[in-house]
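Trainee: From first to last, the protein sequence lines are chains A and B. Residue numbers are given in UniProt numbering: position 84 of the first sequence equals residue 84, and the series is strictly consecutive. Residue numbers are given in UniProt numbering: position 93 of the second sequence equals residue 93, and the series is strictly consecutive.
Hints may be right or wrong, so weigh each one.
To be verified - Restricting the straight-line Cα-Cα distance to at most 27 Å, the calculated cross-link-like pairs of lysine-lysine (DSSO-like) are:
| no. | chain 1 | residue 1 | chain 2 | residue 2 |
| --- | --- | --- | --- | --- |
| 1 | A | LYS74 | B | LYS92 |
| 2 | A | LYS74 | B | LYS74 |
| 3 | B | LYS74 | A | LYS197 |
| 4 | B | LYS121 | B | LYS92 |
| 5 | A | LYS197 | B | LYS121 |
Said to hold, decoys possible - Computed beta-carbon distance windows for the label pairs:
| no. | chain 1 | residue 1 | chain 2 | residue 2 | range |
| --- | --- | --- | --- | --- | --- |
| 6 | B | THR150 | A | PRO24 | 27 to 37 Å |
| 7 | B | ALA45 | A | ALA45 | 38 to 48 Å |
| 8 | B | ARG158 | A | HIS156 | 34 to 44 Å |
| 9 | B | LYS154 | A | ASN34 | 35 to 45 Å |
| 10 | B | ARG158 | A | ARG62 | 36 to 46 Å |
| 11 | B | ALA159 | A | MET1 | 51 to 61 Å |
| 12 | A | MET1 | B | LEU126 | 50 to 60 Å |
It should be emphasised that the hints constitute simulated quantities derived from the structure, not laboratory data. Glycine included, every Cβ here is placed at the ideal spot set by N, Cα and C.
Protein chains: 2
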Amino acid sequence: MPSIDFWYEFASSYSYPAVMRIAPLAEDAGVTVNWRPFLLGPIFANHGWADSPFNLYPSKGRYMWRDLERICEKEGLPLSLPPVSFPQNGLKAARIARALRDDGLTPDFTRAVFKANFVEKKCISLDNVLAEILQGLGLDAEAVLAKAETDLNKAHLRADTDEAMRLDIFGAPSFTVGDELFWGNDRLEDAIEWAVKRG
Amino acid sequence: MPSIDFWYEFASSYSYPAVMRIAPLAEDAGVTVNWRPFLLGPIFANHGWADSPFNLYPSKGRYMWRDLERICEKEGLPLSLPPVSFPQNGLKAARIARALRDDGLTPDFTRAVFKANFVEKKCISLDNVLAEILQGLGLDAEAVLAKAETDLNKAHLRADTDEAMRLDIFGAPSFTVGDELFWGNDRLEDAIEWAVKRG
Numbered sequence: 001m002p003s004i005d006f007w008y009e010f011a012s013s014y015s016y017p018a019v020m021r022i023a024p025l026a027e028d029a030g031v032t033v034n035w036r037p038f039l040l041g042p043i044f045a046n047h048g049w050a051d052s053p054f055n056l057y058p059s060k061g062r063y064m065w066r067d068l069e070r071i072c073e074k075e076g077l078p079l080s081l082p083p084v085s086f087p088q089n090g091l092k093a094a095r096i097a098r099a100l101r102d103d104g105l106t107p108d109f110t111r112a113v114f115k116a117n118f119v120e121k122k123c124i125s126l127d128n129v130l131a132e133i134l135q136g137l138g139l140d141a142e143a144v145l146a147k148a149e150t151d152l153n154k155a156h157l158r159a160d161t162d163e164a165m166r167l168d169i170f171g172a173p174s175f176t177v178g179d180e181l182f183w184g185n186d187r188l189e190d191a192i193e194w195a196v197k198r199g
Numbered sequence: 001m002p003s004i005d006f007w008y009e010f011a012s013s014y015s016y017p018a019v020m021r022i023a024p025l026a027e028d029a030g031v032t033v034n035w036r037p038f039l040l041g042p043i044f045a046n047h048g049w050a051d052s053p054f055n056l057y058p059s060k061g062r063y064m065w066r067d068l069e070r071i072c073e074k075e076g077l078p079l080s081l082p083p084v085s086f087p088q089n090g091l092k093a094a095r096i097a098r099a100l101r102d103d104g105l106t107p108d109f110t111r112a113v114f115k116a117n118f119v120e121k122k123c124i125s126l127d128n129v130l131a132e133i134l135q136g137l138g139l140d141a142e143a144v145l146a147k148a149e150t151d152l153n154k155a156h157l158r159a160d161t162d163e164a165m166r167l168d169i170f171g172a173p174s175f176t177v178g179d180e181l182f183w184g185n186d187r188l189e190d191a192i193e194w195a196v197k198r199g
């Protein structure tokens, strides 16, 4: 079965529509999705950026929020702007998403966190917000939070971010099929088509 | 009749597919296109960039060329990579394109310059390359080159670039319908749709 790696960052605004759209599109095309949370911070630091480029370059930032509004309207996705802050610190969420991988719960957890950020205006770096999301999925929040903070799980997430760098990923969301890289929510359909034809 | 302003820069790689695609798409939709050559240099300087971001951030640059290859393949557009240099200095070409506006020849001239850059690997800042393109359009090259370099025409192009800044344009190609801004070749269809519905 063809497959695609879906690289996303919990702080990333354009990752929101991709997170909400990818599962049904991939299923219709018969493509398996590997959900790959990673951290953009170390990659942006390599570019010399200490903040999101949408904050560093205000014109780009203003455009991004308006563009995201239009995209969400088109896709029928709810969106509440502005978010509680931008970018939010997605480190804990990313660690939890990584810890839930073997249980197959990464997609459900990810969608719930993006909804909390971009619809419910919650602060996704807070333990109580993350615990509530985990409980909503029927999980033992305390146990998952503890697993997320183990050295082994942290090392997994670091290795995934290193892999993203090796794949020359510079932003989120990104999609890879082997070494073929697609960047941006608006390349999701192309990436799935690529996986079907050549994956 | 609804209309759209099409902002492009002769040095810009993603302006190439937009330049080649916009006329038939707009015609089919019954939308008039105002071709607005402008200069990205002053806008990038405001961002603190002394070069194209595709050169400043090598990962983004590598991705852009591969993405452009895929786009051109999909659209059936010829593309010869790498170009003779990137970004090329598009100042003279932009002045000529502005000077030809009242004669309605800006679109034909623009398409010929982008073909020279991205298909024929020519240096589009050279007078003899530009003169050959003008002659190919049946024009008196010497007269057009002289008109392009008049103070009045230079002032027109500066005013157009100032207008782009007021519209919060930060990259090329961009499309505006009133104050509504769309950025990137992949927003061309959305911009035309916007012009039809609300222009």
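Trainee: If you check each hint against the structure, which ones fail?
Mentor: Structure breaks hints 1, 5, 6, 7, 8, 9 and 10.
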